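Protein chains: 2
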Amino acid sequence: MTVSPLAPASFPSLPEIGGVRFAAMAAGVRYASRTDVMLAELAEGSTVAGTFTRSSTRSAAVLDCQAKNGGPAKGRAAIVVNSGNSNAFTGKAGAASVAAICEATAKVLDIDPARVFTSSTGVIGEPMPHDRIIAKLPDLRHALDGTAIAAAARAIMTTDTFPKGSAAEINVGGKTVRIAGIAKGSGMIAPDMATMLVYIFTDAKIGHTALQGLLSAMTDRTFNCITVDSDTSTSDTLIMGATGASGVDVEGNADFAAALEGVMLDLALQVVRDGEGATKFVEIQVTGAKSDADAKRVGLSVANSPLVKTAIAGQDANWGRIVAAVGKSGAEADRDRLSIRFGDITVARDGFRDPDYSEDETSAYMKRQELVIGIDLGIGGGTSTVWTCDLTHRYIDINADYRS
Amino acid sequence: MTVSPLAPASFPSLPEIGGVRFAAMAAGVRYASRTDVMLAELAEGSTVAGTFTRSSTRSAAVLDCQAKNGGPAKGRAAIVVNSGNSNAFTGKAGAASVAAICEATAKVLDIDPARVFTSSTGVIGEPMPHDRIIAKLPDLRHALDGTAIAAAARAIMTTDTFPKGSAAEINVGGKTVRIAGIAKGSGMIAPDMATMLVYIFTDAKIGHTALQGLLSAMTDRTFNCITVDSDTSTSDTLIMGATGASGVDVEGNADFAAALEGVMLDLALQVVRDGEGATKFVEIQVTGAKSDADAKRVGLSVANSPLVKTAIAGQDANWGRIVAAVGKSGAEADRDRLSIRFGDITVARDGFRDPDYSEDETSAYMKRQELVIGIDLGIGGGTSTVWTCDLTHRYIDINADYRS
Numbered sequence: 001m002t003v004s005p006l007a008p009a010s011f012p013s014l015p016e017i018g019g020v021r022f023a024a025m026a027a028g029v030r031y032a033s034r035t036d037v038m039l040a041e042l043a044e045g046s047t048v049a050g051t052f053t054r055s056s057t058r059s060a061a062v063l064d065c066q067a068k069n070g071g072p073a074k075g076r077a078a079i080v081v082n083s084g085n086s087n088a089f090t091g092k093a094g095a096a097s098v099a100a101i102c103e104a105t106a107k108v109l110d111i112d113p114a115r116v117f118t119s120s121t122g123v124i125g126e127p128m129p130h131d132r133i134i135a136k137l138p139d140l141r142h143a144l145d146g147t148a149i150a151a152a153a154r155a156i157m158t159t160d161t162f163p164k165g166s167a168a169e170i171n172v173g174g175k176t177v178r179i180a181g182i183a184k185g186s187g188m189i190a191p192d193m194a195t196m197l198v199y200i201f202t203d204a205k206i207g208h209t210a211l212q213g214l215l216s217a218m219t220d221r222t223f224n225c226i227t228v229d230s231d232t233s234t235s236d237t238l239i240m241g242a243t244g245a246s247g248v249d250v251e252g253n254a255d256f257a258a259a260l261e262g263v264m265l266d267l268a269l270q271v272v273r274d275g276e277g278a279t280k281f282v283e284i285q286v287t288g289a290k291s292d293a294d295a296k297r298v299g300l301s302v303a304n305s306p307l308v309k310t311a312i313a314g315q316d317a318n319w320g321r322i323v324a325a326v327g328k329s330g331a332e333a334d335r336d337r338l339s340i341r342f343g344d345i346t347v348a349r350d351g352f353r354d355p356d357y358s359e360d361e362t363s364a365y366m367k368r369q370e371l372v373i374g375i376d377l378g379i380g381g382g383t384s385t386v387w388t389c390d391l392t393h394r395y396i397d398i399n400a401d402y403r404s
Numbered sequence: 001m002t003v004s005p006l007a008p009a010s011f012p013s014l015p016e017i018g019g020v021r022f023a024a025m026a027a028g029v030r031y032a033s034r035t036d037v038m039l040a041e042l043a044e045g046s047t048v049a050g051t052f053t054r055s056s057t058r059s060a061a062v063l064d065c066q067a068k069n070g071g072p073a074k075g076r077a078a079i080v081v082n083s084g085n086s087n088a089f090t091g092k093a094g095a096a097s098v099a100a101i102c103e104a105t106a107k108v109l110d111i112d113p114a115r116v117f118t119s120s121t122g123v124i125g126e127p128m129p130h131d132r133i134i135a136k137l138p139d140l141r142h143a144l145d146g147t148a149i150a151a152a153a154r155a156i157m158t159t160d161t162f163p164k165g166s167a168a169e170i171n172v173g174g175k176t177v178r179i180a181g182i183a184k185g186s187g188m189i190a191p192d193m194a195t196m197l198v199y200i201f202t203d204a205k206i207g208h209t210a211l212q213g214l215l216s217a218m219t220d221r222t223f224n225c226i227t228v229d230s231d232t233s234t235s236d237t238l239i240m241g242a243t244g245a246s247g248v249d250v251e252g253n254a255d256f257a258a259a260l261e262g263v264m265l266d267l268a269l270q271v272v273r274d275g276e277g278a279t280k281f282v283e284i285q286v287t288g289a290k291s292d293a294d295a296k297r298v299g300l301s302v303a304n305s306p307l308v309k310t311a312i313a314g315q316d317a318n319w320g321r322i323v324a325a326v327g328k329s330g331a332e333a334d335r336d337r338l339s340i341r342f343g344d345i346t347v348a349r350d351g352f353r354d355p356d357y358s359e360d361e362t363s364a365y366m367k368r369q370e371l372v373i374g375i376d377l378g379i380g381g382g383t384s385t386v387w388t389c390d391l392t393h394r395y396i397d398i399n400a401d402y403r404s
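If you read the sequences in order, they're chains A and B. First residue of the first sequence: 1, per my numbering; consecutive thereafter. First residue of the second sequence: 1, per my numbering; consecutive thereafter.
Do not take every clue at face value.
[As the list claims (entries may be wrong)] Restricting the straight-line Cα-Cα distance to at most 27 Å, the calculated cross-link-like pairs of lysine-lysine (BS3-like) are:
#1 B:68 / B:107
#2 B:107 / A:290
#3 A:92 / B:68
[As the list claims (entries may be wrong)] Listed next, the stretches of chain B that the computed footprint assigns to chain A, with coverage defined by at least 3 CB atoms under 8 Å from CB atoms of chain A:
#4 11-22
#5 168-179
#6 204-210
#7 218-227
#8 333-342
#9 381-393
[As the list claims (entries may be wrong)] Chain B is nowhere near these chain A residues, computed Cβ spacing over 10 Å in every case:
#10 3
#11 26
#12 34
#13 90
#14 132
#15 150
#16 220
#17 307
#18 343
#19 365
#20 367
#21 374
#22 380
#23 392
#24 393
Hints were generated in silico from the structure; no laboratory data involved. For clarity, every value in this text was computed on a predicted model and none was experimentally measured. Quick reminder that beta carbons are idealized off the backbone N, C-alpha and C, glycines included.
Pulled out of the complex, with its shape left as it was, chain A reads as follows (with noise of 0.2 Å):
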């Protein structure tokens, strides 16, 4: 598999976050000799909230967190996250084997069940052999390492062309609070899965209201503003664990929350960075729309337009098909007060054609590995950015025949 010509240089240097220790193995979900299963142990007294697909086929496990997310902060918590099944719509077989490896690591780590959560992630629709997993359990346990976040980051991967992770850094009345989190996956986009997965960890002191709090809104801005291929998945998770080690309470902290934002970003454009078949990044800055979210809802159409996703592959800066997206967005728009540009090119505006457009110039910056598509509708205030990638053969040649 090569890598995205998208990747970061590296993978990069994540703090260990007191209170959370990890481990990673190859359980033989689906593939035999392949790292598939990660668990992470968190302190006695962590918060743990999360974020989750709305998808109304979504995941037993999916459905688990759900019910669990909220409950009793009290005692250590584990999450179990398996790749090459993801249990989804699999029925109450599912929801059985869900059951089954939440109560056998409770066992193992010697934890309330509710404060177990699992995700899978692979193939849909097939049998869950949970008890491959339930059977690395202990070795899992005997190898917890607060060191080991980079190997989870490697154990999630299925198609995933390099591992995800981000970590920021804040100084609280001379404290230092530290967060570190791991993504896989690109909306259904990946052959063998059907999953983003993330998990950050803090050793911030943080409540469950206030986490959630968070989280919610700022999916919104990050996870919820990527799109590869359109496609939401039935396994979508996103959870964070806070120990509270570092003994910083960052309740109302507005650096702790912009520092989590970023973090939350960076592995949301990561995500899409591995956009199966991407060879260019794109960030779509919408702007004059009558409210943020008919702004989001015109980045989002411009976003997944196959027209547009495939000029952007032939490095063509093709503005119809934008006009286009953004007259089936369903948004409020004005045909006669649009104006785009690419990056700082103006190519139309007021509802015509730029008159100094330069095909050379805008043909010159299109050839880049990342573009800027800004796209004012001139009738309002709202705002929104999203992120995509381009739609290329390789996407239709991962896709066409995965599970074979």
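Once you've looked at the hints, dock chain B against the given chain A.
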């Protein structure tokens, strides 16, 4: 240009419609020596009605047609269509081009400019060379011929691989009523254009309100139920003219309504069969939804999913991707009541893989050129059928660089 493998064997024999004459010529709108303008003239007393794109960035020609639709039905009427330039996103200059074409046509044919309807298809955002069309109008008028509808069908093609036509005849009290229609394009999928255009003619006698009512209802069940790539055009236009030459009043006549819907559906499906790069024709039958609207939402979500479309291209019976597309549709769904079939083969029922599932049997079915996907939501009586094609490498080839 290779003809689509899904094309009909030949262009149908379309009947002459009393009161309608056609002409088609090469005006050099974008390319030399390519037939790119058609003129249709409708006899005095003809009713004209239409349905149009809902895009908020729709073209000047569409806006003009909408303003004229339902106007006074006196005198003759005309329809002028060009390919090569869509006159969309062309600001005030675009509106001026439409006015110039309508006025010139009205003068050449000696009719009311309010009875001239125009459409334009081709590249978006380029100034419209309307003088080239106007220069051909006298020749077009001299060439008008009641038997030239097939030439008109060819004149409105751009990158279509075959001309699209359909006809029906019904008998009303011993008299024959005829319907004939032509269409081009497929959503926004063809490279050098941005339009689905449809023109239907009948010698039936019917008032504007009744005809418009039929068209609006039937468009929702035919053209609005097809998708190739989810990209709605700035220029989609359907215009129908009823000359009354048969002397048969068809208001409230169920046979006429059924015949018209048959012609509209036939043309719509021909558009899908010419979907860019299409190698499979797919009918998606949704049943058991909470409402018909929910059923259509599910059908279009599946039909627009790039993951479902690439799986079909790869002849892969990937029902997991169908489950995910149902889940993201926004329609009410219960994962554990969902059943999915390919043709007559049930692959999943009640939220789990069918116990009798046979990979060999299903794989053999997926090799067919025409596929049926059945989705039963199991929660209500809502139904809908939508049609689409697969997503192949050829789609990327065609769209990655069309402007140059």
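Status of each hint after checking the structure:
With a C-alpha separation of about 18 Å, the suggested pairing of residue 68 of chain B with residue 107 of chain B holds against the 27 Å cut-off. Restraint check for residue 107 of chain B and residue 290 of chain A: not satisfied, since their Cα atoms lie roughly 43 Å apart, outside the 27 Å limit. The suggested pairing of residue 92 of chain A with residue 68 of chain B is violated, with an alpha-carbon distance near 58 Å, which exceeds 27 Å. For a cut-off of 8 Å, the count of residues in the stretch 11-22 of chain B with a CB near a CB of chain A stands at 0, and the three-residue condition is violated.
Counting residues of the stretch 168-179 of chain B whose C-beta sits closer than 8 Å to any C-beta of chain A gives 0, which falls short of three, so the coverage hint is violated. Only residues whose C-beta sits within less than 8 Å of a C-beta in chain A count toward coverage, and the stretch 204-210 of chain B has 0 of them, not enough to reach three; the restraint is violated. Counting residues of the stretch 218-227 of chain B whose CB lies closer than 8 Å to any CB of chain A gives 0, so the stated coverage by that chain is violated, three being the minimum. Counting residues of the stretch 333-342 of chain B whose CB lies closer than 8 Å to any CB of chain A gives 5, which reaches the minimum of 3, so the coverage claim holds.
Counting residues of the stretch 381-393 of chain B whose beta-carbon sits less than 8 Å from any beta-carbon of chain A gives 3, enough to reach three: the coverage restraint holds. The Cβ of residue 3 of chain A lies farther than 10 Å from every Cβ of chain B, with a closest approach of about 22 Å, so its non-interface assignment holds. Here residue 26 of chain A stays apart from chain B, with its beta-carbon at least about 24 Å from theirs, past the 10 Å limit. With a closest Cβ-Cβ approach of about 20 Å to chain B, residue 34 of chain A is found to remain outside the 10 Å limit, as its non-interface label requires.
Not every Cβ of chain B is farther than 10 Å from the Cβ of residue 90 of chain A; the closest lies at roughly 6 Å, contradicting the non-interface assignment. Every Cβ of chain B is farther than 10 Å from the Cβ of residue 132 of chain A; the closest lies at roughly 19 Å, confirming the non-interface assignment. Remark: the non-interface label on residue 150 of chain A is consistent with the geometry, its nearest Cβ contact in chain B lying 30 Å away (cut-off 10 Å). Against the 10 Å criterion, residue 220 of chain A stays outside the reach of chain B, whose nearest CB is about 17 Å from its own CB.
With a closest Cβ-Cβ approach of about 5 Å to chain B, residue 307 of chain A is found to fall inside the 10 Å limit, against its non-interface label. No Cβ of chain B approaches the Cβ of residue 343 of chain A within 10 Å, the least distance being about 18 Å, so the stated non-interface status holds. Residue 365 of chain A, annotated as away from the interface, keeps every beta carbon of chain B farther than 10 Å; the closest lies near 15 Å. Here residue 367 of chain A stays apart from chain B, with its beta-carbon at least about 12 Å from theirs, past the 10 Å limit.
For residue 374 of chain A, the requirement that its beta carbon stay farther than 10 Å from each beta carbon of chain B is met, with the minimum near 16 Å. With a minimum CB-CB distance of about 14 Å to chain B, residue 380 of chain A clears the 10 Å threshold, and the non-interface call stands. Interface exclusion of residue 392 of chain A from chain B breaks down, the closest Cβ pair being 7 Å apart, not more than 10 Å. With 10 Å as the threshold on Cβ separation, the claim that residue 393 of chain A sits away from chain B is violated: the shortest Cβ distance comes to roughly 5 Å.
Checked against the numbered hints given earlier, this structure breaks hints 2, 3, 4, 5, 6, 7, 13, 17, 23, 24; the rest are met.
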